[in-house]
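Top line first, the protein sequences correspond to chains V and X.
Note that the first sequence covers residues 1 to 440 in the working numbering.
Note that the second sequence covers residues 1 to 259 in the working numbering.
Hint data in this document are derived by calculation from the structure and do not stem from the laboratory.
All C-beta atoms, glycine included, are put in the ideal place defined by N, C-alpha and C.
Some hints could be false.
[Said to hold, decoys possible] No farther apart than 25 Å at their CA atoms in a straight line, the calculated lysine to aspartate or glutamate pairs in the DMTMM-like style are these:
| id | chain 1 | residue 1 | chain 2 | residue 2 |
| --- | --- | --- | --- | --- |
| 1 | V | K59 | X | D201 |
| 2 | V | K45 | X | E115 |
| 3 | V | K258 | X | E115 |
| 4 | X | K255 | V | E439 |
| 5 | X | K199 | V | D41 |
| 6 | X | K180 | V | D272 |
| 7 | V | K146 | X | E88 |
| 8 | V | K138 | X | E88 |
| 9 | X | K199 | V | D317 |
| 10 | V | K265 | X | E88 |
| 11 | X | K195 | V | D41 |
| 12 | V | K146 | X | E115 |
| 13 | V | K138 | X | E210 |
| 14 | V | K142 | X | E198 |
| 15 | X | K33 | V | D317 |
| 16 | X | K45 | V | E439 |
| 17 | V | K268 | X | E175 |
| 18 | V | K45 | X | E160 |
| 19 | X | K177 | V | D317 |
| 20 | X | K202 | V | E439 |
| 21 | V | K142 | X | D203 |
| 22 | X | K202 | V | D41 |
| 23 | X | K195 | V | E420 |
[Stated by the list, open to error] A few chain V residues that face chain X, going by a derived Cβ cut-off under 10 Å, partial list only:
| id | residue |
| --- | --- |
| 24 | L219 |
| 25 | S222 |
| 26 | G223 |
| 27 | T375 |
| 28 | L391 |
| 29 | R398 |
| 30 | I419 |
| 31 | N430 |
| 32 | M434 |
Chain residues, written in single-letter form:
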Amino acid sequence: MAFLPNIIFAIILFSALYFFRRNIFYVKRNIQLGKSIDRSDQSSKRWSNMFRIALGQSKMVNRPIAGILHIIVYIGFIVINIELIEIVLDGLLGTHRIFAPFMGKAYNVLIATFEILAALVLVSVILFWLRRNILKIKRFWKAEMKGWPKNDANYILYFEIVLMTLFLSMNATDLLLQQIGDPDYPQAGMFPVSQFLAPLFSSFSVTSLVLFERSFWWLHISGILIFLNYLYYSKHLHILLAFPNTYFQNLNPKGAFKNNETVTKEVKLMLDPAADPYAAPAEDSVPEKFGASDVTDLNWVQLMNAYTCTECGRCTDECPANQTGKLLSPRKIMMDTRDRLEEVGNNINNKGKHQADGKQLLDDYITKEELWACTSCNACVETCPIGIDPLSIIMDMRQYLVMEQSAAPSDLNNMMTNIENNGAPWPFNNQDRMLWAIEN
Amino acid sequence: MHVPTLAALSAEGKKPEVLFWVGCAGSFDERAKKITKSFVKILQKAGVSFAVLGTEESCTGDPAKRSGNEFLFQMQAMANIEVMNAYEVTRIVTTCPHCFNTLKNEYPALGGQYEVMHHTTFINTLLKEERFSISGATFKGKRITYHDPCYLGRANQVYEAPRALIQKLDAELVEMKNCKSKGLCCGAGGAQMFKEPEKGDKDINIERTEQAMETQPEIIAAACPFCNTMMSDGVKNKEKEGQVQVQDIAELISKAEDL
């Protein structure tokens with residue numbers, strides 16, 4: 001029976017990894033429901049963006065308080081995860097602090113670093129919670145942040161608080177057992193933070209201390225594995241997707257909107273005097289849909305954007321339409337796209353393939369009023385700390401409204417008629433274009 | 001004023017160094033025509049050989065594309081490209097950031113490859129080449145705040161050229177709390193100029209005008225005919241048109257040089 005804990009550990013670990021792999025498969029499959037778009041150019045620029053923006057967090061500090069707190073949590077997350085290697089090996093092999101004998105003094109430095117970072121993470125996460133729930137910073141309380149999005153954000157913070165507390169408590173009880181001289185707990189590590197937690201446990205017997213230490217150890221690793229599988233359901237997925245997302249972000253000037261090649265073909269045909277207007281289309285040619293009314297009309301980068309969004313709301317905060325009380329919120333565009341994509345994904349899971357479910361992104365999630373409120377100013381794109389582009393989705397959906405449904409606001413229809421008839425958005429005669437030069 | 005058209009010049013077998021793309025606002029809008037004329041005066045003073053397309057110019061298609069009408073946009077673009085390529089146009093300058101963005105970024109995919117400049121960039125090159133100079137007397141010490149047009153700033157990263165010109169006027173450039181990459185839109189972009197805004201608590205141009213007013217400017221400098229309209233309307237709404245002027249940078253320079 002000596003191997004029972006090792007076996008239980010292996011079962012927990014491998015089932016967590018199995019479910020995680022399945023979740024990643026779903027995310028990948030759903031993203032691949034998007035249309036193709038070539039983002040394979042300029043790979044050195046793309047790598048540099050990824051290193052600077054995702055790994056280097058360069059855009060986070062545009063808002064210094066949130067930015068610095070985020071960097072602390074981020075560094076803490078990455079560094080403390082090194083400890084996971086030891087925890088997993090200990091769990092599988094039934095050892096305790098397996099690295100300690102090999103590392104000597106360096107092990108003390110390692111554990112001390114983990115502890116200091118854990119304490120800093122704990123403080124930062126509590127400050128995040130206060131900003132969100134007590135200071136009630138406006139962007140966290142917008143209309144789209146009710147229900148699950150609000151709870152999700154807090155669950156993540158609670159998760160981190162619990163995990164850091166378990167980690168420090170585990171070390172505190174370990175330290176006490178080391179001081180007592182328990183043979184299973186040889187001297188290893190330095191505990192600059194948890195030494196202050198140790199007095200809380202000092203009145204307990206050795207048996208209780210071992211029970212505490214083991215419980216904290218098991219709860220800590222189980223918590224991490226649960227958190228790993230929570231990602232798929234949460235905005236926290238950004239910790240993985242921020243990297244590919246910044247790599248594949250648009251590198252063209254922000255003002256250059258995508259050229260619709262299908263339209264180009266048609267326009268060229270119309271302007272070509274040699275084209276045969278009565279030529280029958282090829283048998284198998286399906287007229288392509290213009291613009292986007294559902295997630296499958298968007299490209300895979302736009303869908304990855306939706307999974308990457310962590311709902312920080314900087315885009316919505318900078319949006320001129322949102323600032324002046326309009327319904328449009330770029331964050332909601334991303335959240336709606338993800339919600340609809342997951343709905344489509346669940347459809348596929350249940351029925352084997354996506355069947356029409358009588359719903360779509362347009363109207364069922366994103367209303368026309370939101371789409372028409374956009375000034376295309378690119379403030380949302382500029383400010384996103386991880387390269388998400390809500391504007392491209394808005395523009396694709398406008399294209400659908402106008403080209404498939406002729407559903408533009410009447411003022412815009414007038415403007416477009418003017419361009420068609422007079423070559424200007426206003427009803428002026430094109431022959432009067434030079435009047436300014438002869439007037440005084 | 002004598003403004004040559006490309007058609008007239010090529011009939012004489014001449015080729016100008018640059019095409020001035022006037023744009024619809026610059027051609028038809030009463031307020032924007034003044035910007036057009038100011039810029040022409042600058043071009044003439046600097047001895048730039050330029051021409052306009054005149055009646056051969058047509059909307060670039062920007063508001064159609066931003067409204068979602070890709071078909072109309074491409075029809076406009078291809079017709080314009082056909083005209084410009086026939087004249088072998090290589091360099092374009094324009095006073096409208098929307099035309100600038102569309103010509104520079106969206107025409108290449110449709111066969112129109114040109115070097116496109118916004119007038120603020122172009123005037124800076126004239127200064128650098130010593131073809132033109134700006135004396136600071138008229139606006140010396142005046143408080144000027146500059147409103148970044150989205151399609152010049154964020155869309156194309158032109159932040160410094162307009163500011164460099166304001167500094168050449170010896171004016172005191174005061175920045176709004178949201179400037180450069182964080183500049184707030186005037187509310188006209190994305191074809192909003194041509195429609196009523198959606199329901200909300202405020203119009204965007206009012207919000208932006210309030211930000212401009214916080215700097216207590218004597219002049220709000222603009223670099224886009226649409227921003228100019230929106231900010232002028234904002235100033236009127238605040239009943240401050242007596243104290244605060246909204247002026248394009250070309251107009252400021254033309255005044256400073258008494259053109």
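Hints versus structure:
no. : hint                 : verdict
1   : K59(V) with D201(X)  : violated (30 Å)
2   : K45(V) with E115(X)  : holds (24 Å)
3   : K258(V) with E115(X) : holds (20 Å)
4   : K255(X) with E439(V) : holds (19 Å)
5   : K199(X) with D41(V)  : violated (42 Å)
6   : K180(X) with D272(V) : violated (44 Å)
7   : K146(V) with E88(X)  : violated (58 Å)
8   : K138(V) with E88(X)  : violated (54 Å)
9   : K199(X) with D317(V) : holds (18 Å)
10  : K265(V) with E88(X)  : holds (24 Å)
11  : K195(X) with D41(V)  : violated (38 Å)
12  : K146(V) with E115(X) : violated (49 Å)
13  : K138(V) with E210(X) : holds (20 Å)
14  : K142(V) with E198(X) : holds (18 Å)
15  : K33(X) with D317(V)  : violated (35 Å)
16  : K45(X) with E439(V)  : holds (19 Å)
17  : K268(V) with E175(X) : violated (46 Å)
18  : K45(V) with E160(X)  : holds (24 Å)
19  : K177(X) with D317(V) : holds (15 Å)
20  : K202(X) with E439(V) : violated (37 Å)
21  : K142(V) with D203(X) : holds (19 Å)
22  : K202(X) with D41(V)  : violated (43 Å)
23  : K195(X) with E420(V) : holds (17 Å)
24  : L219                 : violated (44 Å)
25  : S222                 : violated (44 Å)
26  : G223                 : violated (39 Å)
27  : T375                 : holds (4 Å)
28  : L391                 : holds (9 Å)
29  : R398                 : holds (3 Å)
30  : I419                 : holds (5 Å)
31  : N430                 : holds (6 Å)
32  : M434                 : holds (5 Å)
Of the numbered hints given earlier, the model fails hints 1, 5, 6, 7, 8, 11, 12, 15, 17, 20, 22, 24, 25, 26; all others are met.
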